[in-house]
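Colleague: Each chain, letter by letter, is given below.
4 protein chains.
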Amino acid sequence: MVTRSDFLQEPVKHIKIDGALSVDQLIQQFRNSGSFGAGRLSVACDIYERMVRDKDCTVFLALAGAVVPAGMRSLITDLIRKRLVDVVVSTGANMVHDSIEALGGHHYKGHWLVDDYLLYKYHIYRIYDIFVPEEDFVKLDYKLAGIFDEIADEKAGKSLSSNEFTFELGKRSSDHNSILRAAYESGVPVFLPAVRDSEFGFAHWLHASRKNVKHTLSVDAFKDLPELVDMCKRSARNGMMVIGGGVPRNSIQSAALASKKGMDYAVIITMDRPEPGGLSGSTLEETVSWGKVKGEADKVIVISDAMIVFPIIVASVVERLGEGYKRRNLKTENLGESKGGA
Amino acid sequence: MVTRSDFLQEPVKHIKIDGALSVDQLIQQFRNSGSFGAGRLSVACDIYERMVRDKDCTVFLALAGAVVPAGMRSLITDLIRKRLVDVVVSTGANMVHDSIEALGGHHYKGHWLVDDYLLYKYHIYRIYDIFVPEEDFVKLDYKLAGIFDEIADEKAGKSLSSNEFTFELGKRSSDHNSILRAAYESGVPVFLPAVRDSEFGFAHWLHASRKNVKHTLSVDAFKDLPELVDMCKRSARNGMMVIGGGVPRNSIQSAALASKKGMDYAVIITMDRPEPGGLSGSTLEETVSWGKVKGEADKVIVISDAMIVFPIIVASVVERLGEGYKRRNLKTENLGESKGGA
Amino acid sequence: MVTRSDFLQEPVKHIKIDGALSVDQLIQQFRNSGSFGAGRLSVACDIYERMVRDKDCTVFLALAGAVVPAGMRSLITDLIRKRLVDVVVSTGANMVHDSIEALGGHHYKGHWLVDDYLLYKYHIYRIYDIFVPEEDFVKLDYKLAGIFDEIADEKAGKSLSSNEFTFELGKRSSDHNSILRAAYESGVPVFLPAVRDSEFGFAHWLHASRKNVKHTLSVDAFKDLPELVDMCKRSARNGMMVIGGGVPRNSIQSAALASKKGMDYAVIITMDRPEPGGLSGSTLEETVSWGKVKGEADKVIVISDAMIVFPIIVASVVERLGEGYKRRNLKTENLGESKGGA
Amino acid sequence: MVTRSDFLQEPVKHIKIDGALSVDQLIQQFRNSGSFGAGRLSVACDIYERMVRDKDCTVFLALAGAVVPAGMRSLITDLIRKRLVDVVVSTGANMVHDSIEALGGHHYKGHWLVDDYLLYKYHIYRIYDIFVPEEDFVKLDYKLAGIFDEIADEKAGKSLSSNEFTFELGKRSSDHNSILRAAYESGVPVFLPAVRDSEFGFAHWLHASRKNVKHTLSVDAFKDLPELVDMCKRSARNGMMVIGGGVPRNSIQSAALASKKGMDYAVIITMDRPEPGGLSGSTLEETVSWGKVKGEADKVIVISDAMIVFPIIVASVVERLGEGYKRRNLKTENLGESKGGA
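Residue numbers (our numbering), protein chains in the order written: chain A, 1 to 342; chain B, 1 to 342; chain C, 1 to 342; chain D, 1 to 342.
This is chain A alone, in the form it adopts within the complex:
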């Protein structure tokens, strides 16, 4: 039976900052204070550490929101190369923005209070306080259309899954900083369950409406699902690190459900709230009712802008793991072929 004193076990320890602290030293203080966002953030670091130290765990990373434009491209590339992440499930847009930079394009620091009609006339797209020139999208469209021609010819009418599609893109990239390239080289499949809802869709249209096109690149809407489910099923344990919500979060959770495994570890970073009933803001408790996450799983939601806390989580865990830590050593080509490849 729960007694009164069970509730009064561990006093809040107050944060003390006397001089320079490493990121993880601050997180240790957050653990000791233990409250509100700071407490949750420290728990998130602990869970991610346990996830990556567990070699039998497949670590799924969900990317929604403008993660790449905002400056997390290299961060994710490095996580992939160190195999602190085993599978990526992303919006199409993030891989579009990865590809824009791979072609030499840039995202620019801007401002949220600006005359958007002026930007429109200047052919500059705004993503909150980031500016992207339209020309970088146009350049990408034509480049992609050519690549799609090539893939279509190579596959000669065969439909790809979304992860086979990204595998082909990664194979053709030469940018070491690219997420898609790093994923290709590291045998990390990248799923885009809503691939069409991005500039990839427009580029495909460009490709498909060209005259004299021999084959049209075909991506099958349903084909990646059993692959994602199988990954969950084959793993002793599964963990997810979710940035944002939407289709990436839902696709991973559904795979956990369909595989009858349920996630063993779960960290979600979101600003959405649960009361309006959308998936993106739903609690981890709710996922337990479905069997998407195990009742006894290590789990936490951090209510925060991911651009603030995701780098903190990574910095804290990288500090704990020590420099040069590499989670898996894989013969990448082989793995890539077998996991994400044709």
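Worth flagging that the hints you see were computed from the coordinates, not collected in a lab. Heads up, a few of these hints could be off.
Which copy is meant is left open, so a pair is good if it fits within one copy or across any two.
No farther apart than 16 Å at their CA atoms in a straight line, the calculated lysine to aspartate or glutamate pairs in the EDC-like style are these [what the hints assert, rightly or not]:
(1) Lys143 x Asp298
(2) Lys158 x Asp54
(3) Lys121 x Glu296
(4) Lys16 x Glu323
(5) Lys171 x Asp115
(6) Lys13 x Asp78
(7) Lys121 x Asp6
(8) Lys260 x Glu134
(9) Lys82 x Asp136
(10) Lys326 x Asp18
(11) Lys211 x Asp6
(12) Lys16 x Asp78
(13) Lys214 x Glu150
(14) Lys16 x Glu319
On the provided structure of chain A, position chains B, C and D as indicated by the hints.
Modeller: Just chains B, C and D now, kept in the frame of chain A:
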């Protein structure tokens, strides 16, 4: 030049409630007070009224979040039948829940504070304060797998677009209250740009992994995009009513951009905020920089739970339009065939 | 014991809008759908109805946020005159804005995207999308300073409680639409626990720094607390309707705690969320741990802009009560004297 | 004139984490990426650094929300002792919780999902995921009542301002870790503009209702306002660091307005949003229209749980300033007497 008095033109009129008011009478008072959420909501009603009174406008409805489980199924069905909506772009899940009810299943009023592990053991899924029995999903899975067999045989290997897919489902439904059935009968295409990210994906897996299956139902990930873009292009004017954000909102906006039309009317209902940079919370000003929405468009975002304000908007506009108002009179079968059909 | 079928009792009924609906007819549909914000809103209407039908219940109204500038002044005045509210606890600012209108000033419909530096140069203050000319504040300052001289002389050095202070203001007002006047006439005390944090503070400074001032108006910071606590204590039952959070919500809840009564009814309308730990976003469950609200109380939080849902709640309940309904018939002057007066 | 290239000046640099980073090293990367919450947070660090390096700037710290229970007590104490803060404006509650710990009481790490009625029966109060035993409040009440007797006798009927009140409490404290003690020793006035809205109010009631009490402690509701305004007026420059909103934020901003100075530096940390029109979520642009913050001020709002980002800001700036940095060296008693004292 803007003078001081330009800013001090219209005093806030205070709301007065002496007896029973119709919904639109209250909205008229919101227009007169004009501030914060009430002001925005009254503007949303005005814009939606203008959208539907404009017969040359194609009205796009985006459905994200648990709109159907929460009780808006008939509301949307009726909007479709009255053609107060011309095109629906939805998450897969909402059409899954539409189909669950078409098969006699139900969503149940529940609570958000409940032991989710107990629900798990009872095979009851929770969506915030709604409960859905797992058995209704299972029933749907088997029903859909059979329908998928049938469609696949009929199409003999041809890939469908997501709207052709929903057209086939609507054709096979006999539930007058079903969104998919109403859409089928009314020639309203229903796009599911992330169709696989829902129970449709699981049912497809069931269907595809059956022994002796002759043909596998194929939905092409990219095929619906040019159809959506063409609709924008062919319309004199375009308007969008967006519930939530995510893929449905993004797909409509992208079509407006790709068609070089830009939306003429836009109402968005969301609880997301813009600062963390995600699409779902992005402002309508931001969409102007892209050309997704015209600079001079009639547009507003209402920061609210859609379950509260969307029915209010509909009630207000239906009241203005008068009983029995039907926006279009179409020979539905023909339209359906030509717009959403094979 | 809870069985599975206990969770699956009441199916969600879908909202149906065929023609004009009264506000309460829509709310009845929200009750039948019962989910997310719509469900909560319908519960809020039911609780407020029960609160006001319970003649032995003292109904506390908390006002935080720019309730008066935004257009709810008459709404609140009428609630007071019908005694659908027994006690008001407000920010100082709301009564300042009530007083600005009592002096013939106005709040103007404006916009949130505007050059604030231009407004500054034009001496126009902005409250989100409302504009208020500085001159109306200046006019108020001088008027109030004179009134403060008068009250100070009358009281000859005696310290007032915040409700005695507002009683004096109401007594001197001749504006029938004024909240303070209506409260004075109806014997409804108006507490301003942070009275100094508003233009009243600045006006007091003006008054106190005048030369030749005989007496300085003195408001005692602590004096209103036992009066508020006593009201809770004397009531058979207590209910609170809270718009926003902050000091008004906290003061009422603290009085419920100090009186060892705990609220019997509670409706809170807020957009704040609980996770960052602030009082304004704290759940009603949390208040139960303190004894501020009873465990068995009728209670709900509606996550919404109050400008949208508070008028809806009032409209719905006024419709249920019927035209001309007056909850209490009091010889107002007497009551006023005994409750809020000197 | 603004040309297109003006918008495309500074590319987003992607965050790179290879090994252990100090907090400020991570913040430097946030500055280079520059987007969303990370960009704002880096700006907040820069502004706070400039604020404290500017010796002619008076630094105001606003404390709303459960800052002390959550573990920021020592952090604030140290900021005061190093005079990285010159003035504190707080909710009463935070100083109540400071006093609870000064008397040997504790706040305990708890959980947000717990049976609140059980806590109620156990006499444990919950603040989101923090538990506080009721007995610590009771202990405080009696201790304070005695102190109030003492102060009242000493002042013999003279009314105090809220900062004189806290000065008396700090003078009587012997806890080196106490905010009130540190403030007393460092000549940092602590204003509680809504002092009565906290356990101080209850303790005052206890004190005032005692038999045989010779004098009742009197705190004047308006008396601290001119003192706060004078501080702004006397300063060459003023800066504010705001945790949360409510009365503390409003009181500082109003002082900046009344003094006709306007803030020169402003950092606000909040989770509130602007659209519902409340002060706590209002933008810094809006404050410019009032003259509360200068148009040309260094200013930023960070949308975040303060428990996460405030310690980060402090850690980053302390790291920049170097160990042992003390901003002012004051003969504290003298300053204390002159600024906050009798």
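Colleague: The structure should be examined with respect to each hint, and the outcome stated for every one.
Modeller: Do the hints match the structure? See the list:
In this assembly of identical chains, Lys143 and Asp298 lie within 16 Å of each other by CA distance neither inside one copy nor across copies; the values are 43 Å within and 36 Å between. Neither within a single protomer nor between protomers do Lys158 and Asp54 lie at most 16 Å apart by alpha-carbon distance, with minima of 37 Å and 44 Å respectively. For the identical chains of this complex, Lys121 and Glu296 are inter-copy neighbours only, at 13 Å across copies versus 54 Å inside a copy, given an alpha-carbon limit of 16 Å. In the homo-oligomer, the alpha carbons of Lys16 and Glu323 lie at most 16 Å apart only across protomers (13 Å), although the nearest pairing inside one protomer, at 27 Å, exceeds that limit.
Taking the shortest Cα distances, Lys171 and Asp115 never come within 16 Å of each other, neither inside one copy (40 Å) nor across copies (47 Å). Taking the shortest alpha-carbon separations for Lys13 and Asp78, only the inter-copy value of 15 Å comes in at or below 16 Å, while the best intra-copy value is 34 Å. For a Cα distance limit of 16 Å, the shortest separation of Lys121 from Asp6 across copies, 14 Å, qualifies, whereas the shortest one inside one copy, 64 Å, does not. Proximity of Lys260 and Glu134 under a CA criterion of 16 Å is satisfied inter-copy only: 13 Å between copies versus 44 Å inside one chain copy.
Neither within a single protomer nor between protomers do Lys82 and Asp136 lie at most 16 Å apart by alpha-carbon distance, with minima of 30 Å and 43 Å respectively. For a Cα distance limit of 16 Å, the shortest separation of Lys326 from Asp18 across copies, 11 Å, qualifies, whereas the shortest one inside one copy, 33 Å, does not. For the identical chains of this complex, Lys211 and Asp6 are neighbours neither inside a copy (74 Å) nor across copies (39 Å), given an alpha-carbon limit of 16 Å. In this homomeric assembly, Lys16 and Asp78 come within 16 Å of each other (Cα to Cα) only across copies, at 8 Å, whereas the closest approach inside a single copy is 32 Å.
For the homomeric pair Lys214 and Glu150, the shortest alpha-carbon distance inside one copy (10 Å) is at most 16 Å, but the shortest distance between copies (30 Å) is not. Taking identical chains as interchangeable, the C-alpha atoms of Lys16 and Glu319 lie at most 16 Å apart only when they sit on different chains, with a minimum of 13 Å there against 20 Å within one chain.
The structure is inconsistent with the numbered hints 1, 2, 5, 9, 11, although it conforms to all the rest.
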